[in-house]
Amino acid sequence: MIKSATDSTRKVNLLISVDWTTIILYFLLVIIGWVNIYAAVYNNEYQSIFDISQKYGKQMLWIGAALFIILLIFITDSNFFSFFAIFVYIITIGLLIAVLLFGKEVNGARAWFEIGSFRLQPAEFAKLAACLTIAKLLSFLNPKTHIIRNWVLILGMIGIPAALIILQNDTGTALVYGAFVFVLFREGWVSTKFLFFGVLVIVLFIATLITDPLFLVISLIVLSLIIFGAMRRRLKEFSIVTGIFIVSGVLFYAINYALKKPFELHYVFAASALLASIVCVIINIQIKIANAITIIAMLIASLSFTFTVDYIFDKVLSEHQRLRISVLLGMETDLKGAGYNVHQSKIAIGSGGFLGKGFLKGTQTKYDFVPEQSTDFIFCTIGEEWGFLGSTIVIGLFVALLLRIIFLAERQRSHFSRIYGYAVASIIFFHLTINIGMTIGLAPVIGIPLPFFSYGGSSLWAFTMLLFIFIRLDASRLELLA
Amino acid sequence: MKNPYSDRKLSIAVIILIIAVIFIIRLFYLQVIDKSLKLSANNNVLRYVTIYPARAFIFDRNGEMMVENQAVYDLLVIPLQMPRGKYPGIDTLELTSMLGVSVEEFRDALGKAKKYSQYKPSVLFKQISSMRYATLQEKLFKYPGLFTQARTLRTYPRKSAAHVLGYIGEVDEAKTKKNPYYKSGDYIGISGLELSYEEVLRGKKGVQIQMVDVHNRPKGSFQDGKYDTTAVVGHNLKTSIDLDIQEYGEKLMENKVGSIVAIEPATGEILCMVTSPSYDPNLLVGSERSKNYPVLAKDISKPLLNRALQAKYPPGSIFKVIQALIGLQLGVIHENTGFPCDKGLVNCHNHPTCTSVKQSIQHSCNPYFYKVFQRIIQQGKSRSIFTDSRIGFQAWYDLVTQFGLGKSFDSDIKYMKGGRIPTINFYDKWYGKGRWAFQTIYSLSIGQGEVEIVPMQMANFAAIVANKGFYYTPHLVKEIGEEKIKDPRFYKKNIVPVNANYFDMIIEGMSNVVSAGTARLAQIKDIEVCGKTGTAQNPRGEDHSVFVAFAPKENPKIAIAVYVENAGFGGVWAAPIASLIIEKYLTRKISDPNKELRILEFNNLEKSLSFDKKRDRLNKKSQSAD
Ligand SMILES: [Zn+2]
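Here the protein sequences come in this chain order: S and U. The numbers in the numbering used here rise by one with no breaks, and the one at position 184 of the first sequence is 184. The numbers in the numbering used here rise by one with no breaks, and the one at position 23 of the second sequence is 23.
Hints listed in this document are in silico derivations from the structure and should not be mistaken for laboratory results. Yeah, the Cβ is synthetic: ideal placement off N, Cα and C, and Gly gets one too. Possibly wrong hints are sitting among the right ones.
[To be verified] In silico lysine to aspartate or glutamate, DMTMM-like type, Cα no more than 20 Å apart, as pairs:
id	chain 1	residue 1	chain 2	residue 2
1	U	Lys120	U	Asp108
2	S	Lys357	U	Asp34
3	S	Lys58	S	Glu114
4	S	Lys357	U	Asp213
[To be verified] In silico negatives: residues of chain U with every beta carbon more than 10 Å from chain S:
id	residue
5	Asp91
6	Val123
7	Phe386
8	Pro497
[What the hints assert, rightly or not] Chain S side only, calculated, beta carbon under 8 Å to chain U, not exhaustive:
id	residue
9	Phe182
10	Phe185
11	Arg186
12	Gly350
13	Tyr367
14	Asp368
15	Ser391
16	Ile395
17	Leu402
18	Ile406
19	Thr433
Turn these sequences into a full structure, and let the hints guide you.
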């Protein structure tokens, strides 16, 4: 514990030692989010963005409360979080059980406490507790000894809140706990291969069922080429293979076109990828290029996997089996409309064009064609009103924030702070990927919010706490001895 | 302390970057490359509402309303905007009961609409009455995807003049292809004035581009209405018809088959155009039309036939007036030419010998006109009677066609038949060239044989006599939108090349026809009527009763033709009917109610129809014998 005599100097230090980059990124995201909530629910009757009878007015209050939370975090001793992590975890589990018993059901999920007109979602705060606890746990467990006991501890710690949240009928939020795989990877609990294959299989499986095969095939090929190019700076071979792929692709496309399109386009590009791969293998036999065979094998395996999943889903599975998987993946959020929400969301984003329609000019979101436009589908408003440019900037801000958190995490002296930083980044990354992914039809429709953007107090506060506890920890990193 | 796994930070950063790049590529595809999404967005939010201007009104010459509009509503649907799945059963029931249709009908209509397009609006049900609309409108918010569009239906407050006005109906495919103004489901004039003045009456439809939200609630105009076009209301028509006279004529012709046409001689304006039997024009309005049209079309009394324009009749004795005028003009007879009533030539009735043209008209002597026509046809200009007849016939033909006969009028009256004035070619084909002479065609002299005239031409002929040698093409419209009609066809004076003083003689004769001849029943107190009766023989049934007249003798205001099928003598039925119309038109009252009563009580319908049926049967037999 730090003595009170040093308190005054520490507070001065805090203003200097906090990472202002992260704080600025945070405020940019929160304010852009607020403005877009205003645009999403804007109507002529309530024009003031400060009107607290409207969602944007309320969001302003939540932001105000978030500032207060930030202040509280900043005046809290940095050791408090590590010290009380387990305690917070136990309280949260208690709340999750309590909400199952006394909570209010909203949209089929029993996930809310209602206090007067105010609603609180403990699952949002459970993420915070999980981040603190996993940081605490991993900081003193050793991945090399007592492996079984340690894994039981880790999976139990992650699994209990996830299971309770599944019991609330809020599977989407529970899936967020899967994001800790990145933390485990960073800390050496999970190997690179496991992470890579695990992520690849999940991504391919979902992508096969959700996106069109053409987009998938092209993405896989481009991805392989990028990895190939990045691995070894063999520019000559890289250009040869890329060239062969492009030329054969165009050639096959032309032949297919001339034959009045007997094949689907994704088969055409898969064929040209195969040809390019064979050439690459031949080059590889002559001059050894590290990882080339691996990349090719991965590409071919991925393509086969994609086509197999596609085939099984379309041809082997029965109608009701297909439906169950679809529902599980959120491809059909309600049994009434196959992908209606995603369809409308894509229309809204797509109609934005390059520069967007302009602030408050979005018709699709303003006239309610997009469901959940201020919460889960808030990204539609950005896509429609700010176009490709605005969407890219928002994604850029998030990427900057995530990379910044990783950078900060790596400079921590304490294991707890570093692991906690990675946990925060993982949670935000998972939310970002799923949320934006679903609005553009690349991820299943899992109802989880876009961090800092989506309307709602619980979500905003939970993410604020997550981030600012880390900023607080980072600010006092120098107080600890390495 | 070097963390053993710190290199893994790079892998994680790369994963983050890859996801970001995939998202950005995807966004580029959705937002910049894929144009279909922008189209879908417009389909979502933009609603092209066609604004139909109310069709313009039609008034009679005195400003009486003939055609006006009533509001009805179409129910339209955009299937994609309906909630997924079906409306809950109870709501479908509520909706169908409000519409007054069965659930099956609703499903069928919806199925068709879905087949047509998921995005585009299509009509579910047409012409919902204002009463149903009132209840529907309140509940419609509960049914996203459904909305209404107002349009107007024609309505005829006086139920009269069906054939004059014609009707409107949905435009057919051929027309929509030919004229891009019309879209499937639009209405267009199909007959009568609705057809002739389609573009005047319809105006110009406009388009309003509205923005709607997901519940189909209007959210204002698109880009402040920059792309909207305003609907332009058409111009009202003021017709030449005198609705009181039209109505009175229809009343007089009840239970008779035939026609009355009256014209204002000085202008060619048609005052009435009655055909009987007729129908209530309200029967052919909107959705009623599909129900009633087949019934009317099958009716053996042929109410859809406009006899005033389309029934080709032998003119009978009224044709003698023309023969006399031609004879005088050609110089083959003179004012005081007389012929004995030689019943050996052609049958006649008993009357004093005619010693002048005037008397020949008054007594309508058949042998007299036999002789007149003989002099016209055989003028002795060739030694061969066949060649001589050709020369004479051509001279006659050249004059007779100047009376507006043998062709339809180029006017705003549609579907008029031209009738028939036989030509030289006609007889050459019929008998062979050089194998016909006066003897072959003499029945033309008394308006029988191959000559056929429609009632409109008879009335126009009466106008020619009233005008002493000219006519304006008969037409139906006086004013378009408060302005005198500018159509040059209506202002062209058609001069008949017959000297005016010859008309004077004829008019004297026609005056005597009424005062002391065959048409004494046409006399009107204080009004001098000039007329000529006809009793047209027809091979299958009783003679037709014909009368042409004009009045007053000085400065005539009305020329009229009345044709009553199978009613016998012209003087007995057609003449009194004409006089009632003339009196009503000139004085607005009837001085002899008994005359009127007699006509109203006269029921000749059954008799006419029985002849019709016989003729139809004969036609069928002769066809099957071929
Ligand atoms: Zn005689």
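Now the hints, each set against the structure:
1. U/Lys120 x U/Asp108: holds (18 Å)
2. S/Lys357 x U/Asp34: holds (16 Å)
3. S/Lys58 x S/Glu114: The given pair, whose Cα atoms are some 16 Å apart, holds under the 20 Å limit.
4. S/Lys357 x U/Asp213: Holds, at roughly 17 Å.
5. Asp91: holds (15 Å)
6. Val123: At about 24 Å from chain S, valine 123 of chain U clears the 10 Å cut-off, so the statement holds.
7. Phe386: holds (75 Å)
8. Pro497: Holds: least Cβ distance 73 Å, greater than 10 Å.
9. Phe182: Result: holds, 6 Å to nearest chain U Cβ.
10. Phe185: holds (6 Å)
11. Arg186: holds (5 Å)
12. Gly350: For glycine 350 of chain S, the interface hint holds, since the closest Cβ of chain U sits about 3 Å away, which is under 8 Å.
13. Tyr367: holds (3 Å)
14. Asp368: holds (4 Å)
15. Ser391: Since chain U brings a Cβ to about 5 Å from serine 391 of chain S, closer than 8 Å, the hint holds.
16. Ile395: For isoleucine 395 of chain S, the interface hint holds, since the closest Cβ of chain U sits about 5 Å away, which is under 8 Å.
17. Leu402: holds (5 Å)
18. Ile406: Nearest chain U Cβ about 6 Å off; hint holds.
19. Thr433: At about 5 Å, which falls below the 8 Å cut-off, the nearest Cβ of chain U leaves the hint on threonine 433 of chain S intact, so it holds.
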